[in-house]
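Trainee: The lines below spell out each chain.
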Amino acid sequence: MSEASLERAHHEALPAATPVQIDNAKFAMWLYLASEVVIFAMLIAVYIVFRYNNPDVISDVHEKLGIILVSVNTFLLLASSWSMVMGLQQIQRGNVQGLIRWIGLTAVLGAVFVGLQYVEYNELAHLGLSLSTDFGMRFYAPTAFHGAHVIIGVLWALRIVLRARKGYYSAQNYLGVEIFGLYWHFVDVVWILLFTVIYLV
Amino acid sequence: MADEQKPPLTDQKTGEPVSPTPAYPPGEAERLPEAETGLEQAVTDVVQASEDAVASPVVQAFDSAVSAVQEAVDHIPGPPATTHEASAEHHSDTTIIMGREITVPGGIYTVVFIALGIATLIEIILAELPRGFFTIPLMFSFAIVKAALVVMYYMHLRSDSRVFTVVLLLPVAVTLLSTLYLISVPVRGY
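Quick note, the sequences are listed as chains V and P, same order.
The letter at position 132 of the first sequence is residue 132 when you use my numbering, and the numbering goes up by one with no holes.
Remember, my numbering sits 1000 above the position in the second sequence when you count from 1.
Be careful, since some hints might not be right.
Claimed, not checked - The calculated label-pair distances, taken between Cβ atoms and stated as ranges, are:
id, chain 1, residue 1, chain 2, residue 2, range
1, V, D56, P, T1103, 48 to 54 Å
2, P, P1105, V, T133, 45 to 51 Å
3, P, I1144, V, M137, 42 to 48 Å
4, V, L131, P, V1054, 42 to 48 Å
5, P, L1177, V, L131, 26 to 32 Å
6, V, R163, P, T1103, 27 to 33 Å
7, P, L1177, V, F27, 23 to 29 Å
8, P, I1122, V, R163, 35 to 41 Å
9, P, I1144, V, L155, 25 to 31 Å
10, V, S130, P, V1054, 47 to 53 Å
11, V, V108, P, R1131, 35 to 41 Å
12, V, G66, P, A1173, 21 to 27 Å
To be verified - Simulated coverage check for chain V against chain P, where a stretch passes if three residues somewhere in it have a Cβ under 8 Å from a Cβ of chain P:
id, region
13, 23-31
14, 34-41
15, 63-77
16, 85-96
17, 186-193
Unchecked claim - Capping the alpha-carbon separation at 20 Å, the derived lysine to aspartate or glutamate pairs in EDC-like fashion look like this:
id, chain 1, residue 1, chain 2, residue 2
18, V, K166, P, D1074
19, V, K64, V, E120
20, V, K26, P, E1028
21, V, K166, P, E1034
22, V, K26, V, E123
23, V, K26, P, D1074
24, V, K26, P, E1071
25, V, K166, V, E178
26, V, K26, P, E1051
27, V, K26, P, D1063
28, V, K64, V, D134
29, V, K64, P, E1128
30, V, K64, V, E123
31, V, K26, V, E36
Keep in mind the hints are simulated off the structure, nothing from the lab.
All C-beta atoms in this analysis are idealised placements derived from N, C-alpha and C, irrespective of residue type, glycine included.
Pulled out of the complex, with its shape left as it was, chain P reads as follows (with noise of 0.2 Å):
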């Protein structure tokens, strides 16, 4: 990232110089204000109960738990994961793509999109055509590759905590072995 000097900030009018407007410190935004009618107040309180829970073992115990999910995962090798806020490609127009550099307003997420788009269309041109034995094997792989780009890229899972790929994928596994399981048992009909 290129630093060059800017010139300080001025008033237009009177030439003076001005400090930059501070930003809203963490929290601020979502800081509730003061409550005017009863719903206010209600929503208040079930926030002001909410954070006096947080205090309760129930809670501590959920947490240590979220904890010790989070160190185990955090064990299995691959890459080092980063914060999100650390991982530079969100931030940079320019991605590398096998090898080749390439420079696009968005940088990765229009790359991802363009992909999207690609691989709807393969699909669409496939449903059109005489149906073989491999078309719906590859349509299924064309739409499970596309929602994997999206959690990856768009919703940060490959750069974000591991907790969270576990969360997504724990219920998508049960439920696709008891989609199997309905399918392999025959039908006593409807």
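Isolated chain V, as found in the complex (with noise of 0.2 Å):
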């Protein structure tokens, strides 16, 4: 069945405006990220407490180490969100190659923003910044949290490329697609917010 036959089929099947009845997986997705929504605003809330009472010793660091290299991360961070969210929409469209490139793309980059935070901690253990330092381990917890996250998000977005290639999704399930979707963009908005508290402020 070619792909424009597969979405129109889709699109005549979309039934009119019902009430919500929410989806378990989807709920436990939620939940999980309500749960991780605790653990990271404890890590930014400990270096918000830092950084409001010692402004001089994190101002030094931004001088040292700039912020180019940060900020082409955050660009490739938000263009992943948006590749995952391209891929969504490919397959509720019953394009399955399209879902595939897409969510190879997110994987792509987050593989490479990964790549660049390992560049960007040499740099930083060259001026000095070890983990020892009370705005070393501030700094160092909630990023390579991050970091952590943004690995296991690339694993999880292989194994959906991977899934696709056997014939998993189709317009009709995109479940897994979507709630990977929900993890991969919590791990971006905690990004927007780690990149403006510790870096740009």
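Make the complex out of the two chains shown on their own, each in a separate frame, by following the hints.
Mentor: What follows is the structure in structure tokens.
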């Protein structure tokens, strides 16, 4: 069956607006994300309180490191979030090849993000910012924890690509992609906040 | 959506009409295969146990609590919540921004992506300019707007059930209050 006819079949099958029946798996994902909110908020709060009380320590590090590398990384992660949602749209239209391409791009962007974060950590280590300094531990904890989430997200994206190649997903069955999307966008949201709070302010 | 009639599908060699491949029934893709190893058996057992647990009073109570919350939040006035499948905006490449129709691949998703990029650029410029009284509040505002855009449009909270919104906002509110409290108490040294 061609992509076009699949897409048309899907549009014809669209029901009229019906009351929301929430999906259990999606609800579970949101509850999990709520717990992640608490963990990340705690790490960010620790940083904010330290930043509020020690403004000099941090502007010193900012001067040394510059902002270009981390800005590139931010755009990469924003782009990966966009490609994620484009992939979801493709599978909702029944286009499996489109799903594979966009989610593959998401995985690549996420991997490059982690790579650049490694480069950044290396530079910081040369500048003498270690985990045992007051600022170091408050800086590395949230960013590294976020980096770990990105690594898990990249692996998850690759799994989606593999399953898509085997034909798991269709215009009627894309919940797995949607749930991964929730996770990936959440990781993006966390970075949006970390970027502003840790690198810009 | 324009519906032009397409010729029926035919086999390319014989020319005989063929029926389209049936789609997976819902849940088929998630169905577990037959267990071959001990680990697979264990996973199958856990899944089976969790399915059996659905009938237990605890889960039933949790279920009805969730339903009660859902019913309560669905009564909050606002635009009617529609199912994700029913909201056309996710399927269209055309979206309406401030009264103007814009057609780009990806529709609203691409528009949001461009907005996120522009907001980030402004934030970076703000950070590099000399700091004024409004610099930090402005940067925080941009960050919150960006986060809200992703949550509303990419995570579909705008059109999804309001229960998800409650689930997200509850921890956010608690941790925000905690942070404000921690900032307001004087430092006693580290």
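Trainee: Checking against the hints above, which ones are violated?
Mentor: Failing hints, ascending: 3, 12, 18, 22.
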